[in-house]
Each structure stands twice: as structure tokens, then as C-alpha cells.
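Chains as they are written, first to last, in the numbering used here: chain Y, 1 to 381; chain S, 1 to 293.
No lab work stands behind these hints, which were simulated from the structure alone. Here the structure is a predicted model, which is why all the values come from computation and not from measurement. Hints may be right or wrong, so weigh each one.
Residues from chain S shown here face chain Y by an in silico Cβ test under 8 Å; the list is partial [to be verified]:
| hint | residue |
| --- | --- |
| 1 | Ser-135 |
| 2 | His-141 |
| 3 | Trp-154 |
Here are the computed distance ranges between Cβ atoms for each label pair [what the hints assert, rightly or not]:
| hint | chain 1 | residue 1 | chain 2 | residue 2 | range |
| --- | --- | --- | --- | --- | --- |
| 4 | Y | Ala-363 | S | Ser-188 | 38 to 44 Å |
| 5 | Y | Ser-286 | S | Gly-106 | 26 to 32 Å |
| 6 | Y | Ala-267 | S | Ser-287 | 33 to 39 Å |
| 7 | Y | Gln-168 | S | Pro-159 | 46 to 52 Å |
| 8 | S | Asp-55 | Y | Glu-215 | 44 to 50 Å |
| 9 | S | Glu-220 | Y | Val-28 | 47 to 53 Å |
| 10 | S | Asn-275 | Y | Gly-292 | 50 to 56 Å |
| 11 | Y | Trp-137 | S | Ser-287 | 55 to 61 Å |
| 12 | S | Ser-287 | Y | Glu-215 | 38 to 44 Å |
Once the Cα atoms are required to be at most 20 Å apart in a straight line, the calculated SDA-like pairs of lysine to any residue come out as [claimed, not checked]:
| hint | chain 1 | residue 1 | chain 2 | residue 2 |
| --- | --- | --- | --- | --- |
| 13 | S | Lys-182 | Y | Asn-202 |
| 14 | Y | Lys-290 | S | Arg-127 |
| 15 | S | Lys-204 | S | Glu-146 |
| 16 | S | Lys-182 | Y | Lys-274 |
| 17 | S | Lys-181 | Y | Leu-375 |
| 18 | Y | Lys-274 | Y | Asn-202 |
Beta carbons are placed, not taken as given, at the ideal position from N, Cα and C, and that holds for glycine.
In case you want the letters, here they are:
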Amino acid sequence: MSDITLNVASANPEATPRSAPITVVGPVAWMRENLFSGWLSTAVTLVLAYVVIRSVVGFVDWAFINAIWWVPVDARGVAQTQACRALEGSGACWAVVTEKHRFMLFGTYPYEQHWRPAIVCLLFIGLYIVSALKRFWNWRLIPIWAVTLTAIGVLMWGGVFGLPYVPQERWGGLPITLILATFGLAFAFPLSILVALGRRSNLPAIKVLCVVYVELIRGVPLISLLFMASVMFPLFLPEGMNIDKLLRAQIAIILFAGAYLAEVVRAGLQSLDKGQYEAADAMGLSYWQKTGFIILPQALRMVIPPLVNTFIGFFKDTSLVLIIGIFDLLTAGKTAIVEPAWQGFGVEVYVFVGLIYLVFCFAMSKYSQGLEAELNRHRRR
Amino acid sequence: MTRAGPEAGAVPAPRFTHTATNDLGHETKMSAALETDGFIASSVRTDAPPAIVLDKVNKWFGALHVLRDVDLQVALGERVVVCGPSGSGKSTMIRCINRLETHQEGRILVDGIELSDDLRALDAIRREVGMVFQSFNLFPHLTVLENCTLAPIWVRKMPKKHAEELAMEYLTRVKIPEQAKKYPGQLSGGQQQRVAIARALCMKPKIMLFDEPTSALDPEMIKEVLDTMVMLAAEGMTMICVTHEMGFARQVADRVVFMDRGEIVESGTPEAVFNDPKTERLQLFLSQILRGH
Ligand SMILES: Nc1ncnc2c1ncn2[C@@H]1O[C@H](COP(=O)(O)OP(=O)(O)O)[C@@H](O)[C@H]1O
Ligand SMILES: [Mg+2]
């Protein structure tokens, strides 16, 4: 800095700071800058615009304008789908969804009892919302979960309070997906934290156990684990003892998700500075106090994006249980179009099922973004 | 580093008056000591058993022999400054005192308790020994106040309200009560280190260990941290402080210990060590330190 500028500054203490150079703003300027900055960029923009517009128009035609929402049902209860077939794919036959949505959502659960799994789905969603609110992040969450899950069990099984008993083999559809995903992640997440901590333990036995668990489970496809759970596992059990098929699949999912999540959590643990451990030790905090108050809160915040990525992956992977004959949402959708009248309307069914998955996964994703911003407030200056 | 140097002995001592701090358990050595030309009268208690004893302590990192037959006794109320070249084992030595590192040979006694694998003894010692690190090591996800109350609540089992009052009191003493609700990342380095000191004091330790508390700070912030430490010294806190701030050493140290290659090479009053070095190693070290300033 030269003396001259110094003098000017001191001679004129009120001098206003120079403002930053003005940048051109507004949508037209933005478009000129980003979309039409040269002949190549203009050409690419035009071609892409054409493709996008054609696709959107085509989809709107198919999904709304040419779509059929209802079809008549004859006296024997068989849907008359001739109108749909006449479309020859030029429009969607949403009638399959209108007609079959209850089967897709609740599978083979007794028809007149469908209100029970419907309430179960609402209870699950309510549970997610309550658990997502920071206000409830304390001991109260434990009784809330306990009561809700008990209510869910009572509703699904019945056999008490005058509710007819419904065996697990008849459950199906969305409740199965939500049960597998909720219990899967609710158990796999704490398990993964313990395993991740165990891998960093000073005790060799615990460390080896955790490493072997993670490496074994990660080395096997989930499908083969599910097969093992459904076919092989019963062979090891004593005669007459039988663990419910859903429970076996559930355990396989928990073990599998646990191994993956453990590696994500471990990455978070590793990103922490050694000084944090030392400061906690020097203050005389016990191992669990240090882990609970200092290490995990920081490590988990660091890995929210990969954690949620894994959560979303497992929410969708629960659909793999269809290969061992468990009737989750996707299996129910697939089964709905086995009926001759509805054969050939798979696209509509899969769009519907896909939308349900999308709603849950998108909600998870949005929530995690908010959570990340909220929990990392301390990093802002 | 620009200050420190022999002439820097005149670090202005903080003039603080004791108001409501008498119940905080510290000896109240008062401003009379501070008035005496910036020097602080010794508060060494020779009648009491020593606060820290290191007896022929040896430690290796793999094949590297980092502590060699280290003998050191620190009396209650004594203030020891440890200096020496980088890598000489200063940090390792003071980290052995609260067992952030384990020694392999010899004995270490803190407050009369021997350090061993006995976890209960270790807990007892860590409650009585506070530590301040070069890199502050505040907990970034907790507010300043929460940083200060965590250990008192969970280790000392203090009621939360009491712990918060105590924390505010110490934050006031290190002159940043207004930052209590902020997160460490929002403070300057000097403020963070003062929070770290307050955090350690909230456990009401009998002994404080400082490992180069000012080395990570910008020059203009060193003074505010040293002032806080001078204040602590004036209250008669037993302190071991690794630092190269010679002005600080001259002002508060009862004894200066010079380490080199894992050994205590010389030890004595600041005047004896700084003005009349006996060994070549210390002479070399002092000449390097002085040239650096
Ligand atoms: N955790 C460790 N593992 C291996 N070597 C270490 C470790 N910590 C320190 N050392 C080595 O021990 C010696 C003494 O280190 P330290 O006590 O930090 O020295 P100082 O604090 O005096 O600079 C150095 O040579 C250093 O490289
Ligand atoms: Mg060091």
C-alpha cells in the first residue's frame, strides 16, 4: 500500500468503501450467458429443448390426455379391459391402479380388514414424522416407539380386542415394506455404531469379531443372504422350532444393513481429530460419556449424506424379499397383474409402485438436507 | 513470535480484585504479589507432600527412546516451566502425567496417587489435573458454556445449574462471559484458548498442565492468554507449563526445566537457567530462541 492511499484514507475517514463491480442480472442476461453464449451452445440448447419438450408432451398425452381411469366390471367381478387394450399403449390404463390399488397396498390381507394395515401405514408415517422432529429427541421417543410398535403388532396380528387373527403369511404390500425398512434400519443403525466402535477397540477379540462380521456380510449379495435365511437357516434349527419367515428376512436385512452402515459410521469416526479424544480423556470423561457426548455427535453429523444414502438404498432393497416369497409392495404390484384381465398393464403398476417408493425416499432425502444444515449450524461463522 | 525476550519480564499483571471468587476453592494469593514489578511471589508449599513426582520415568515410541530417566518433583503451588527444542519429549512428559501417554518404566505419582493400570486411580487423577492443549481442542459442536459444564456435570456430578454458574464465573475471569452462548468456531484463537483454560478450571483441578498454549496463536493474541495464565499463577495454582515464552517464565516460574533428547538437562530458577546456562546444549538452545525473536 502506498503512502498516498494511506493519506487519502486518513484524510477522509468517512470515505465510503468502493462497491463491487456491477454484474448483469435478470433472466435474459442469465440465459444469454449460460444457454446462448455461442453457436455451439445455442445448437445444444435447441436440440436439448426439443428432446425435453417432446418427452414431456408425450408423457402428458400418455399419462393424462389419453388415459383411462375406470373400466366397467361385469357381473362375475371380472374387469372389462377392452377399452384399455384398444389404446394399444397410446394412453395409460390407470384403471388397473383404481381397480387393484387395495391389493397392491395390502396384498392378501383379508379384504374386509384392510382398515387395519391402512392404520398401520399411517402409524408408521406418524412415527417417522415424530422421530424427525428435534423437539422429541429425548427419552420420550422410547415410549413413543414402544407404544406405536405394539399397536402396529396388535393391528396386524389381531387375535385380541375382538380383532380376528391374521397369520403373518397373509400380510402383504406396503405394511411389509415399512416393517422391513423400519425395523431394519432401527436395529441396523445402533448395531452399526457398536460395530464401528468395536473396530476401533483396543480389545483384540472385539476388534476381530467386528472386522470379520463386516467383511463376511459385505462379501455376500443380499439375495444370497435372504436365501440362506429362508432355506438354510431352518435346517440348523431343532425339529419343531420354526422362526417366522418374515422375521428371518428381517434379521438378514438388519445384519446386511448393519455391516454397510458400520463402514459409513467408521468413516465419520476416523474424520475426527485426535485432540477431541484427548481433551475428553483429560477431563476424566468415561469411555461411554466421551463416545456419547463428544465423538458420536460429531462423527455422525459428518456422515449424514452417506448415511442417508445407505438408508435410502436399503429402503428400496427391502423389495428383494420378493425372491423368497414375501409379499412386499413390489411383489403385491407384480401379483396384481397376474390376473388375465390385467395382463400387459405392468407399466402402470410399476409407475404407481415406483411413485410410492419415490415419496418415501424423496422425503428422507429432503429431511436429511434440512437436518444437515441444522446440525452443522456450529460450523457457520 | 515477537515478544518474550529477557526484557519482556514486564508483562503487565492483570489487576483483578477478588469479589465472589472465594468459594472457588483456590488459594487467594493477592494483588500485592502482582504489584511487585510484575513478578509473582512464590507460593511453593514445602510443608505439603509434592503434587507430582516423576521417578526415573522411561518411555519409548517403538524403538525411539523419548523419555530417559526423567526425575522431577513439583511441590504444591509450584510453577514449573518446561522448555527445550522441538522433539525433546516435553509434550510426552506432561502427557504422561495425566496418562494420555503411558510410561513404561519408573513411577509417576500425582497428588499422592500412583499412575498404573488401575482405572479408578486414573479417574481420580484426571479429575484433579486440568490440561490445556496447543490446538485448544474445544468441542466444536457444543457452545462455550456447554464445553465448560460437560465435565463438571458428568464427572463431578454437579447439578447443571450450579455448573453453569461456576462456568459463567470462570468465563468472567478469563474475560469472555459474553461469548458463553457462541460456538467455539465463532471465536478468535485467543478467545478459544481462554475458553479452554476456563473449561479446565471448571473441574476445579489442583494441578494444571499447559502444552505450548500460545504456540498456535497469532502474536497479538498471545498476551491475552499469558495474562490469564499469570492470573492463575498468582492464585497459587500448581502448574507445569511447556512454553518458550521466556518473559512469562521469568515472571511466574519458580523453576525452569530444560529438556533435550528426552532428558532433563538443567533445572533451576529462571535467572539461573536463562542467565547462567551450564551446558552447551542449553547455551545453544537459548541462542537459537533469542535469535528467533
Ligand atoms: N504418538 C507418537 N508415536 C511415535 N512417536 C511419537 C509420538 N508422539 C511423539 N513422538 C516422538 O517423540 C519425540 C518427542 O515428542 P514430543 O514429546 O512431542 O516432543 P516436544 O513436545 O518436546 O516437541 C519426537 O521425536 C516425536 O516424533
Ligand atoms: Mg510438543
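Could you work out which earlier hints the structure fails to respect and list their numbers in ascending sequence?
Hint check: 6, 12, 13 and 16 fail, others pass.
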